[in-house]
Amino acid sequence: MDEARPLWATPLQFVFACISYAVGLGNVWRFPYLCQMYGGGSFLVPYIIMLTVEGMPLLYLELAVGQRMRQGSIGAWRTINPYLSGVGVASVVVSFFLSMYYNVINAWAFWYLFHSFQDPLPWSVCPLNGNRTGYDEECEKASSTQYFWYRKTLNISPSIQESGAVQWEPALCLILAWLLVYLCILRGTESTGKVVYFTALLPYCVLIVYLVRGLTLHGATNGLAYMFTPKSGIPTRGSPALSLLAFQMEQLANPKAWINAATQIFFSLGLGFGSLIAFASYNEPSNNCQKHAVIVSIINSSTSIFASVVTFSIYGFKATFNYESCLNKVILLLTNSFDLEDGFLTVSNLEEVKSYLASAYPSKYSEVFPQIKNCSLESELETAVQGTGLAFIVYTEAIKNMEVSQLWSVLYFFMLLMLGIGSMLGNTAAILTPLTDSKVISSYLPKEAISGLVCLVSCAIGLVFTMEAGNYWFDIFNDYAATLPLLLIVLVEAAAVCYLYGLRRFESDLKAMTGHALNWYWKAMWGGVSPLLIISLFVFYLSDYIITGTLQYQAWDASQGQLVTKDYPPYALAIIGLLVASSTMCIPLGALGTFIVRRLKRRDTASVA
Amino acid sequence: MSWMGPREDAENAFKVRLSLRTALGDKAYAWDTNEEYLFKAMVAFSMRRVPNREGTEISHVLLCNVTQRVSFWFVVTDPSRNHTLPAVEVQSAIRLPLVAVSGGCSSLRMNRNRINNAFFLNDQTLEFLRIPATLAPPTDPSVPIWIIIFGVIFCIVIVATMLLILSGIRQHRRKNKGPSEMEDTEDKWENTVKIENGIPCDPLDMKGGHVNDAFVTEDERLTPL
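Protein chains in written order, with our numbering: chain A, -17 to 591; chain B, 111 to 335.
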């Protein structure tokens, strides 16, 4: 009889676990940026096509493998073919890198969450400088939200070479984040299964609240309109609607849109880390994972689209607010310089009054003229960013201008925390499931001790990201640790199941397991289309890296109050190479290792006989 | 009283700027000579608090060049009405504390606050150009708020973790006392089947098939005593 493998209490827990893993921060801070960059409406076409052609099949493949083999990634791939044990190890290594740096985001979310209980919010005002005559210089040059992020949260150094010391405040938050993750994974599926109800559902509640609030904000429509208009302004000839449509069609022909759609689908679903295999391995064998794969991928994509509507209505509010403040400053300047009646100058008559003043008092006007800023709504909207910049700078800037900003801030960072913890549960499951499956390790240590050890090691290494140069290392890990290796891993996975294990054999296994026959669509995708897509993505990425030559990064310059581009030093480049190599090399090394072990065994049995 | 305008005593004159509509919107009052009288009274009141200037009268404060904005210049003359008081004295008067409080920078602002309140304005809408308002320092509590909240959440998480670990250890001990020998032999048999000849014996593997409910489970194999 089976040694009882822990199971999900209900299939719903499994679905929620997959959803809370797949729906993460990328849905909130990467998809809206891509959506806007490629024209909004027209980006959805390649996105949905890639979802059906690449996302759903590969997701189904991973879930089916996990459910069939009922082991973590290492054991599952070793069962498929002993030469493939390296694939499982590569997945675990990539998951380890990911969990190291991903939890730092949760630490930052905690930091902002704890600081949201103050009035006024600490990122809404600049601190005073030393002798209380004005505001801090760095804060004046940048904005108060940027200052709070770069100086108070990260205390960032000017370049990656100057590492500085570990900052105790983010370090404390990181330790708390790891303790929370440990609490959730402590008992395996028993505890994880209950936690995922919260991490899957609560972000949606917050998103709906934000949607209602966002759409009712002043200026939200500006942001939504911007999402659907081209980023590079094309001359609008004829009717604007027709030229908009023409542009959308034009974007469909842009290969970059398709590549970014494919990449976004691929990384958003979290394929290749081994988390999906781990989650599926705790399923009942008769579970209908095809249905679940379709549901999870559709929910993931709809969440991305939903989040981008929320994000752009908030953008619109922030841009409109800044635009109106800029106009008010100009009005004040003119009113004071010319001693006009207070309230006489308004937004509507600003232009005509300006021309009147220029003609009536030319000398005085020319004195004041250099200080008059050209306020433009477009330039405010164009500060669209992605990543941590969006979450911690742009959003906080919008939140500080809302009424009852403390409430909105708490809700927002609580949602970020739920999304991040949900993804961390999957990441740690990918590492722990193979470890607990291995008889060698689990005979010495109980499950709780293994989990604790993994969390402790990750936390200790993660303290590197709380140093002054920590954010630069974070960007290195974010950009390179999990991009290229994952493409390779998933490619090998798809090829292995179809050609090494045999598609027909896998099909009969699935039929015996679930009772449903395999649809021809999945066979066609697994065998041909999806691997081809991955190969083309892989080739594109490689050529992109080779063409750009030296790798560069954005460093924060405190004296100017903005980001500057710098080159990576040689040792950083070496570490990037090491990151990519350490996971990709596992695949051939695993095969080689198995080959050597077998040769030795054959020689032993031959010499004995 | 006539005054030769700001040119002669420019260094002792201060420009004042009011933004009534910005501050009060529809409730903005019109700036007339009565309001000017109140302003002179407030300035005279502030001057009387300076040592040696207790005799300052309203008539010693002179206003000039009132514009539509509303902005104007004012000077304070000495009792003989011959010279204007130096700018430094007037500046210190406007900034003088209402009540001498030991320590606390907030007391420096009280005179200015009194003037602001008389007109329902604040530092931004009633500006004394050349007298910078000391920026209100932020109130820093002795323990930052975020540490308190961090401490609370940290303690909750630690307590919950301890509870889970302890209950896990207790469960482990209870399971170990039960029949463990039968389980070991079953496991060993399972292991050897799996790795025969390097080919995974999947067809024989029970994990892949349907569980036949007619079979009794492991626990019921041993009849209870």
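Read the hints as simulated data drawn from the structure, not as lab findings. Computed from a predicted model, the values in this text were never measured in an experiment. Be aware that a few hints might be false.
[To be verified] Only pairs whose alpha carbons sit at most 25 Å apart, straight line, appear in this in silico DSS-like list of lysine-lysine:
1. A/K311 to A/K336
2. A/K134 to A/K123
3. A/K429 to B/K125
4. A/K421 to B/K125
5. A/K176 to A/K273
6. A/K176 to B/K125
7. A/K346 to B/K287
8. A/K583 to A/K421
9. B/K137 to A/K311
10. A/K548 to A/K123
11. A/K429 to B/K287
12. B/K125 to A/K311
13. A/K311 to A/K273
14. B/K150 to B/K137
15. B/K125 to B/K150
16. A/K355 to A/K123
17. A/K421 to B/K287
*asked:* Hinted pair, alpha-carbon criterion (25 Å max): A/K429, B/K287. Please report holds or violated.
replied: Roughly 19 Å between the alpha carbons, so the hint for A/K429 and B/K287 holds.
*Has the given pair, A/K548 with A/K123, been kept, meaning a C-alpha gap of at most 25 Å?*
Judged against 25 Å, a Cα distance of about 20 Å means the pair holds.
*Given the hinted pair A/K583 and A/K421, is their alpha-carbon gap at most 25 Å?*
The given pair, whose Cα atoms are some 21 Å apart, holds under the 25 Å limit.
*Taking only the CA atoms, is the gap from A/K176 to A/K273 under or equal to 25 Å?*
Satisfied, since the Cα-Cα distance of roughly 22 Å is no more than 25 Å.
*Quickly compare the C-alpha distance for A/K176 and B/K125 to 25 Å and report which way the hint goes.*
Not OK: A/K176 and B/K125 at ~68 Å, beyond 25 Å, violated.
_Run the distance test for A/K311 versus A/K273: straight-line Cα separation, threshold 25 Å._
Since the Cα atoms of A/K311 and A/K273 sit roughly 57 Å apart, the hinted pair is violated (cutoff 25 Å).
*With a cut-off of 25 Å on the C-alpha distance, tell me whether A/K311 and A/K336 pass.*
Holds. A/K311 to A/K336 sits at ~14 Å (cutoff 25 Å).
_Does B/K287 sit within 25 Å of A/K421, going by the straight-line distance between their CA atoms?_
holds (21 Å)
_Checking one constraint from the list: CA of A/K346 to CA of B/K287, max 25 Å. Satisfied?_
violated (95 Å)
*Straight-line Cα separation of A/K355 and A/K123 no greater than 25 Å?*
holds (16 Å)
*asked:* Next pair to validate is B/K150 with B/K137; report whether the Cα-Cα distance is within 25 Å.
replied: Roughly 23 Å separates the two Cα atoms, so the pair holds.
*asked:* With the threshold set at 25 Å, check whether the alpha-carbon distance from B/K125 to B/K150 stays at or below it.
replied: Given that 25 Å is the threshold and the Cα spacing comes to 14 Å, the pair holds.
Hint check: violations occur at hints 3, 4, 6, 7, 13; the rest are consistent with the structure.
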